[in-house]
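Protein sequences, first through last, are from chains B and D.
Sequential numbering of the first sequence, starting at 122, is according to my numbering.
Sequential numbering of the second sequence, starting at 122, is according to my numbering.
Hints are not guaranteed to be accurate.
Which copy is meant is left open, so a pair is good if it fits within one copy or across any two.
[What the hints assert, rightly or not] In silico lysine-lysine, DSBU-like type, Cα no more than 30 Å apart, as pairs:
id, residue 1, residue 2
1, Lys371, Lys339
2, Lys348, Lys362
3, Lys209, Lys245
4, Lys362, Lys284
5, Lys362, Lys339
6, Lys145, Lys339
7, Lys351, Lys163
8, Lys358, Lys195
9, Lys322, Lys333
10, Lys130, Lys261
11, Lys339, Lys195
12, Lys145, Lys322
Treat the hints as calculated values from the structure; they're not laboratory data.
For clarity, every value in this text was computed on a predicted model and none was experimentally measured.
There are 2 protein chains.
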Amino acid sequence: MKTAVSSQKIVIIGAGNVATQMGKAFYTAGYTILQVYSRSLKPATTLAKKLNATPITDLKKLDQNAALFLVSVKDDAISRVAKQIKIKEQLIVHTSGTVEMNVLKKCSRNFGVFYPLQTFSKEKNVDFDVVPVCIEANNKKSISSLQSLAKSISSNIQQIDSKQRKILHLAAVFACNFTNHMYTIASAILLQHNLSFDLLKPLIAETAEKIKNGDPYKMQTGPAIRKDQKTMNAHLKLLAKDKQLKTIYKLVSDHISS
Amino acid sequence: MKTAVSSQKIVIIGAGNVATQMGKAFYTAGYTILQVYSRSLKPATTLAKKLNATPITDLKKLDQNAALFLVSVKDDAISRVAKQIKIKEQLIVHTSGTVEMNVLKKCSRNFGVFYPLQTFSKEKNVDFDVVPVCIEANNKKSISSLQSLAKSISSNIQQIDSKQRKILHLAAVFACNFTNHMYTIASAILLQHNLSFDLLKPLIAETAEKIKNGDPYKMQTGPAIRKDQKTMNAHLKLLAKDKQLKTIYKLVSDHISS
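Using the sequences and the accompanying hints, generate a full structural model.
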């Protein structure tokens with residue numbers, strides 16, 4: 122499904138987790154990465170080295186030979202960065218799940234969104250092939266370009282508008298960010314009692330595995346779904362010293378039971 | 122690592138998810154399953170058929186030829202069931218994460234706990250080999266028997282006392298039950314907006330994958346850890362109609378940020 126479009130040149134604006142993983146994916150797919158921009162030279166250089174690109178810290182120095190400008194900075198920085206970018210015909214996209222596409226409309230005649238629905242760390246490489254890439258653009262030509270681009274790194278391309286993207290991002294916060302925090306809470310509870318988090322790893326893997334072919338609602342197990350008040354009271358007693366955790370335990374259990 | 126002890130005979134008391142998966146695991150490991158007990162004949166028969174065993178609905182009819190009685194009923198039924206069981210020397214264990222071992226002390230001279238730290242469904246078979254089996258018993262001989270039994274189905278055997286087991290179970294509620302509920306919430310949000318839950322599956326898989334070699338605390342991503350109040354406010358606005366969900370969103374985000 123992957124088709125390399127190696128003649129196209131890309132500038133990456135940003136050097137965080139998403140910029141790093143997407144830069145690597147495009148570089149591996151055969152694209153030339155011209156520049157990596159970051160406000161600070163160090164992160165720009167670190168990523169630029171990996172992508173055989175030039176680090177820059179000034180948005181006025183963007184290389185206009187690029188066919189695509191990929192804005193992959195923190196959500197609340199996109200607007201500020203966009204205001205400093207002036208290109209003409211070339212396509213500019215951001216990679217955010219929450220920011221409106223139109224934030225880029227003054228940058229270029231062709232703009233859009235290229236949102237990979239995944240969680241990224243700088244160090245852990247991602248298998249992009251299965252990652253849903255949610256694309257949106259202000260015209261058909263740009264949609265077509267983004268489709269080619271997305272196909273070069275993923276087999277799962279979705280045309281998603283800004284409103285749907287926000288919903289997806291909200292759902293992703295529950296499915297990924299909050300889930301990871303549940304792991305963190307579990308790990309902290311075990312640590313307090315000198316038990317290893319490794320004990321929970323097969324359970325965590327199976328919990329994620331089960332929903333691949335099933336509805337999570339039907340997969341629910343545990344005291345709350347059984348309305349086993351005795352066990353839940355015992356758990357609340359164990360959490361007695363931590364009011365915030367007790368409240369989370371109660372609320373989530375109530376939501377499961379209801 | 123697995124050693125079959127097929128000469129030993131087992132009676133399974135219970136016919137739910139855990140009883141089903143453990144029964145299958147022991148049967149596959151070469152044990153003879155003499156009987157399956159359930160209060161109702163139908164579940165007893167369904168499981169007994171799979172294990173080539175006899176279904177019973179009366180605890181007075183327990184086959185005393187068994188070397189092991191495995192009590193795998195709901196946590197709040199263990200005490201009631203235990204009161205009806207009288208055996209002599211044979212080993213009796215329950216499979217609960219929360220119930221004290223001593224609930225079985227009037228059943229036999231040899232008693233203990235055989236707690237597989239995993240989430241079980243009737244239909245989905247589990248790879249027991251990696252499942253931590255937490256064992257506890259009232260004497261060394263019984264611990265030794267449970268070790269042999271555990272080794273026949275798993276390579277991950279842990280000697281865990283009742284107090285530690287309760288902590289493990291509490292942590293498992295966060296890591297598994299609450300995590301699965303986060304999947305359910307995400308799925309419901311998408312469904313409300315005609316978006317497919319499939320879109321989140323690669324994200325869920327990666328979130329679980331990431332903690333295999335890393336500390337979940339360090340893996341945290343998303344608006345709460347970035348203290349991105351603008352995105353969190355936008356999410357709360359999207360959840361406006363659902364007070365309970367809004368409260369969960371706020372509390373978990375606060376806990377991540379703090």
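Here is how each hint holds up against the structure:
{"no.": "1", "hint": "Lys371 with Lys339", "result": "both (21 Å within a copy, 26 Å between copies)"}
{"no.": "2", "hint": "Lys348 with Lys362", "result": "both (24 Å within a copy, 26 Å between copies)"}
{"no.": "3", "hint": "Lys209 with Lys245", "result": "neither (35 Å within a copy, 56 Å between copies)"}
{"no.": "4", "hint": "Lys362 with Lys284", "result": "between (42 Å within a copy, 17 Å between copies)"}
{"no.": "5", "hint": "Lys362 with Lys339", "result": "between (33 Å within a copy, 24 Å between copies)"}
{"no.": "6", "hint": "Lys145 with Lys339", "result": "between (38 Å within a copy, 22 Å between copies)"}
{"no.": "7", "hint": "Lys351 with Lys163", "result": "between (55 Å within a copy, 28 Å between copies)"}
{"no.": "8", "hint": "Lys358 with Lys195", "result": "between (40 Å within a copy, 21 Å between copies)"}
{"no.": "9", "hint": "Lys322 with Lys333", "result": "both (17 Å within a copy, 7 Å between copies)"}
{"no.": "10", "hint": "Lys130 with Lys261", "result": "within (20 Å within a copy, 69 Å between copies)"}
{"no.": "11", "hint": "Lys339 with Lys195", "result": "between (36 Å within a copy, 18 Å between copies)"}
{"no.": "12", "hint": "Lys145 with Lys322", "result": "both (29 Å within a copy, 22 Å between copies)"}
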